[in-house]
Every structure is written in C-alpha cells, then in structure tokens.
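Those protein sequence lines, which keep their order, are chains A and B. Residues in the first sequence are numbered from 461 upward in steps of one, following the working numbering. Residues in the second sequence are numbered from 150 upward in steps of one, following the working numbering.
Calculated from the structure, these hints are not laboratory results. Computed from a predicted model, the values in this text were never measured in an experiment. C-beta atoms are modelled at their ideal positions from N, C-alpha and C, and glycine is treated no differently. Treat the hints with care, since some could be wrong.
What the hints assert, rightly or not - Cβ-to-Cβ under 10 Å is the rule here; a few derived chain A residues that face chain B:
hint, residue
1, Ser471
2, Gly561
3, Ile580
4, Ser596
5, Val613
6, Cys614
7, Leu677
8, Val714
9, Ser715
Unchecked claim - Just some of the chain B residues that point at chain A, by a computed CB distance under 7 Å:
hint, residue
10, Ala194
11, Leu218
12, Ala358
13, Asp361
14, Gly362
15, Ala368
16, Glu405
17, Thr535
18, Glu536
19, Phe537
20, Lys538
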Amino acid sequence: MLLQQIINGISVGSIYALLAVGYALIYSILNFTNFAHAIAVTIAAFSCFWFQFLVTADLPSGLLVGIAAGVIAGILIESLAYRPLLVKKARRLYFMIAGLGVSIMCENLMIICFSGRIRIYPAGFGDTTVSLGNLSIGLIDLAILIISVISLVCVEFYLQKTRTGLAIRASAFNLEATSLMGVDTGKLILTVFVIASLLAGIAGVLLGAKYTTYTSLGTFMTNKAFIAAVVGGLGSLPGAVIGALILGVAEAMVSAYVSTALRDLFAYVILIVVLLIKPSGLLGKPEGDKA
Amino acid sequence: MKNFKTAAALLLALVMILGLGACGKAKEDGPILIGCLGPLTGENAFYGTLLKDSVTVMADECNKNGGILGRQVQVNYYDDRSDPIEATNAARKAIQQDKVCCIIGTESSTTTLALAEVCEENKVPFVATQASNIKITQNDDGTLRPQSFRSCLTDPQFGAIMGQYGYKELGYEKVAIIYNLGSDYSVGVKNAFTSAFEAAGGTIVATEAFNDGDVDFRAILTKIKDAGDFDAFYIAVGYYQQAGLIMKQARELGMEQLVMGTDAMMVGNMFEIVGDGMEGTCFPANFDVSNDEVLDFLQKFIDAQGYDPFKDAAGDLVVAHDAWLMVEKAINTAGNTDPTAIRDALEKTGTIDILGGTLTIVPETHQVLRACPIYVIQNQEFVKLTEFKPEASN
C-alpha cells in the first residue's frame, strides 16, 4: 500500500510540478506571481476537447492543438494584461491584481460560452493499466510522468545551454542590468511567458484527459501548484519540482494514513511552516522582499 | 376660471380612481404569475436552464389548453447562480416586487434552503424540484416548514432504499463507502445507507471521505483496497463527474467490485468517463426511464427546446414536470391566486398522477411518496430492476 500511495502521490505531484515551474519561471524574472496561469490550463484542455469533438477524434493532434492554444493564451495575457503595466512601470502588486482579474474574467467567460458542463475527450488515453505485482499504474499516469519529466528537462536544458536561456537567467538575477547589457527584455519576458504557458498547456491537456474537462479545472490545480512553488522557493525551478513532488506525496500520505478531510489543511500547514522557518522556501534565493 | 380648475382636478381624480379600479380588475383577469428560480448562469447553469426549459414546455401547454382557472399563466424566471445570497435576493424580488403567487425551484439543497427562508417569511409557497435534503421541508427539530414543498424523494429515502436493497436483494454483505464531506446531500445519503445496511445485517468495512472539487481519489481508494475484502462500493455523491472518476480510478487500481450509487448516476455522460467499468452498477432514481409517458414528455421537450437533456441530467426534467402538476392542481383547488390558499391546497394535494406513476404528499411532513425504481447498468444502458414504494416516516 505504501508503494502504491507513493506512486499515486508522484503522479499527482508531476502535474503540480509542470504548473509550479511556470509560476517559478515568471516569478524569477518579474518578481510577481502570475495568477492568470490557471486560465491557460483550462483553455488548453477545452481546445483539445473542441478540436477532437469538431475536427478529428485523434489524441496526439488534439494534445498539440490544446498545447498551442495554451501558449496563445499565455501570449495574449502577457501582451494585453501585463505589457501595458510593464510599460508604465507599475508596481508588482498591480500585476497580481491584473492577473487575478484576467483569471476570474476568463473563467466566467468560459462558463458563459461553454456552460458548466463536463466534457470528455472523444479520444483519450483509455483505461489501460500497467500492473507490477500488487501495484497498478494507469497508462495516462505513465504518460503524464514521462511527458512531465521530458518537458521539465527540456526547459532546464533550454535555460542552461542556449543564449536566450542565458539571458533569462541573467535577467532573473537583475532585469535592469540585463536590459542595459543590450538584451531586449520585452522579447525576453514574452519568451518566458511562452515557456510558462507551454508547460501550463501540457498540464492542461493531460489534466483534461485524466480528470475530464470543466471550467474550474485550472483554478483548482494551480492553487496547489502555487503552494508547491512557494514551498520549493518561488523563483527556483528545481525548488518548484521538489516542492510539487513533496506536496503530491504528502497529500497522498495524509489521505491514506490520517484523513482526507485534513488533506488540504495539511497542504496549507506545510506552506505556513515553510514560510515561518525558511521564508524563501526550500531552494529559494534568500531575499526578503518576495511576496 | 377657479371653478374650471376645481372641476378639472375632480375630473382628473375621478379618472385616476377609475384607472385604479381597472388596475385591480386587470390583475384578477390578467395572467397568473408564477415564479421559477434556478441557476441560469454560473457553473450549474445547465441544470437551471433545464428547469426553466421544462417549466416553459409545461406552461406553454397549459396556456394552450386554456390556462388555469380560465386565466393564462405567466412564469417569471429568476437566476440564483447556485448562490444562496442570490437565491434570497431573487426570491425577495419575485415575491415582494413581482407578487408571484408561488415559486417552482430551485435546483440545489443549499439554495433551496435560502429560498425557503424567504418564502416562510413572506408566506408564499414553493415547490422544490431537485433539492432532496430533509431540512427543506422540516426544521432540525422535526417541525414542519409550512410553505415548503418538493416533488422529489429525499436523501434518507434514497439512502435507506439502497441500503436495504443492497443487502437483501443484491446479496452484498460487506460494503465500502465513499462520500463527499462537503456536500449535505452526500452526507445525508451516506448516513441513511449506513443505518439501513447495518440494520439489515450488513457490515461497512470502510467509510472514506473526499472534499468538494476533488478529482483524484486514488489515495482513499488504495486505503480501501487495503482495508480488506468487500463485496461492493457505495458511492454516495451528488455529481456524476466525481462518481465517474471514482469508478474509473478504482478500476485502474485493479478494484473490480460492483458499485451501488445514487440518483446522480442516471446520466449518459458517465459512460464516456468510465466506459465498461460501470457495468453492474445499481442505483435508485426518481423516475422510470423506460416508461412511455416519460419518453413521450422527453420527446415533447426535445421538439420544443431542440436539445436532448438526457446526456447530462434527465431526472431534472421529470421532477420539474411533476412540480408543475402540483402547482397547477393547487391553484385549481384553491380557486384563486392567494398564496395562503395555494399553500393549503398544496398540503392537501393527496395523490396525483405524474409521469409514469403517482405522487403523494404527506401533509404532516410534506414528504413525497413516489415510486423509486432501481436500475442496473447493462451494456451501457439503464435497465430497471425493480421498483420501491417508499412509505411515510418521520
């Protein structure tokens, strides 16, 4: 049972990780939490559904279309909601408020357009399971795990090995100085949003396949991912992954050995304890002003 | 000149008074105003729209046949957005401003409790459609809420029927229960099932809870798997998405036990979530899906509204239909549109014919007695196994 619970936890945690890395990436450069992240997740899931429903019931192309829609949503959010604020050099607090506003507005728009109905991909991963002795893992969980690991490795590789990656890391260190060095930070910020919403899109289409597609899908999941990102240390990518896995496994353990009723409470207690003991999170940069 | 002014003023006053008289008269002859409350926007908009569309079909047909008491019926629709505060505001507007004589709705137990407060305060009756919580018509101490009626069965009725049937007819001796801690409905049916199943002689091997909004149930399912052998699940949830995901994930974990469920499972969409994993699932419902009258009304609905509600929630259609019949009969019996007279008539409804059966209102508790068919899922179809007749209880 313990091993099965750890597998359950890791499978949930790997989704949290995809989303938490998106938070961490944007935070590391812009020092604010992108609360509109959730909506890219939901849009990706719905686009995958509608593509499969209207065009062709094919899983791989549906996933790709969904991910692309997530990225487009991210670009739109950046250029319509955040860029005007950046140009005005607004305080970071306003970014968060704008993000919250975008998120709530889009979720309600989606309810109006698509109603609160639950959608199921015409072509999903099916219910195939892989059994290892007493353990069983759904095909979709394996897919989620593998896709998550591959995407996270790719993002890390991009950040470490490419020139743009170098610029992103430099601007995470100091955005203004990077801009003085001749880096087009506007373009850079857009790139960061593309990467973050790419991950959100991947998480979205996979979540939609696993848990059905509905309008509050993104909001529900990103709340947890946000906790994971803070626990791991906002702004730190490895921290976000570790925080996500810790949270996923801890939730499974609490549900299994204590009580599901206490699970969410426990998640927030972890958050408070980490903030009390190590306010910058497990792997975060020890800066005082991150909020 | 002065005299002329006085005469003109008098004449004007006379005209106005006569006008007022005409007003009153128009009200007597004008349409009968009925309110209908439901979530027309927001997450549960689908259910509210279904309620509205069902009532519209009934009202149109009623008007085509000459209306009630020889008067046409006008239904005003109000949006409660599944929010108790909105429900309170909408109910106040309906009763105090628009002066409806009674209300049909609303859809969930939580919003209906809010509606009930307003109706009790203003002494206007309402008939709830899908609100199955026991507290809708009775206070915590068992006393009656005089204005509150409904057309569906209650949580304890559903839970108890499934508990007895599961042990006696399906032969399950050990059952594992999963329920939603955050839902009054779920807790209600779970409690009723547990007492009925244990009283019949069965054992509950595990009772595990989840929270509102949860979509991953593998942690509690793994825990149940470890709790030892059992014959069947009882999945006590109010929304089919959760029921579907629980079943799907249980099958993925290699748990093959059959499932007993709630009326929320009468939804074609569930097959898309679970597929064959639902085979053999049993659950009770408010109506008989194979009955010709039900199918006729379903067809009438599809013709009028242009969509088939069955994939998401056909049950709402039937209970809305029956609530309309209760209201129609009550206004006819009362002979006028005085809310108090309608309330008294509703209480004395007795037994009326509804789609595919009869419905009885117990005057002391406002409990509803109507046939409760039990279904089993075979080859992704709902097959009726048997029919229970609930009896009046306190």
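Evaluated hints:
At a threshold of 10 Å, the smallest CB-CB gap from A/Ser471 to chain B is about 8 Å, leaving the interface hint in force. The beta carbon of A/Gly561 comes no nearer than 18 Å to any beta carbon in chain B, farther than 10 Å, and the hint placing it at the interface is violated. Because the closest C-beta pair between A/Ile580 and chain B is about 4 Å apart, less than 10 Å, the hint holds. Satisfaction of the interface hint for A/Ser596 is found here, the shortest Cβ-Cβ separation to chain B being roughly 5 Å, below the 10 Å cut-off.
About 24 Å separates the beta-carbon of A/Val613 from the nearest beta-carbon of chain B, more than 10 Å, and the hint is not met. For the restraint placing A/Cys614 at the interface with chain B, the shortest Cβ-Cβ distance is roughly 26 Å, beyond the 10 Å limit, so the hint is violated. Taken as an interface hint, A/Leu677 checks out: its beta carbon lies about 8 Å from the nearest beta carbon of chain B, inside 10 Å. Restraint check, A/Val714 versus chain B: the minimum CB separation of about 8 Å is within 10 Å; hint holds.
A hinted interface residue such as A/Ser715 counts as satisfied when its beta carbon comes closer than 10 Å to some beta carbon of chain B; here the least separation is about 3 Å, so the hint holds. For B/Ala194, the interface hint holds, the least distance from its beta-carbon to any beta-carbon of chain A being 5 Å, beneath 7 Å. Hint status for B/Leu218 relative to chain A: violated, with the closest Cβ pair at about 37 Å, above 7 Å. Residue-level restraint check for B/Ala358 holds (minimum Cβ-Cβ distance to chain A is 5 Å; threshold 7 Å).
Look at B/Asp361: its Cβ only gets to about 10 Å from chain A, farther than 7 Å, so that hint breaks. Interface hint status for B/Gly362: upheld, as the beta-carbon distance to the closest one in chain A is roughly 5 Å, under 7 Å. A least Cβ separation of about 3 Å between B/Ala368 and chain A falls short of the 7 Å threshold, and the interface hint therefore holds. With a cut of 7 Å, the hint placing B/Glu405 at the interface with chain A is violated, because the nearest CB-to-CB distance is about 12 Å.
Annotation: B/Thr535 was flagged as interfacial toward chain A, and the flag is violated, the nearest CB pair being 30 Å apart, outside 7 Å. For the restraint placing B/Glu536 at the interface with chain A, the shortest Cβ-Cβ distance is roughly 30 Å, beyond the 7 Å limit, so the hint is violated. A least Cβ separation of about 29 Å between B/Phe537 and chain A goes past the 7 Å threshold, and the interface hint is therefore violated. Evaluation of the B/Lys538 hint against chain A yields a violated restraint, the C-beta minimum of about 33 Å exceeding 7 Å.
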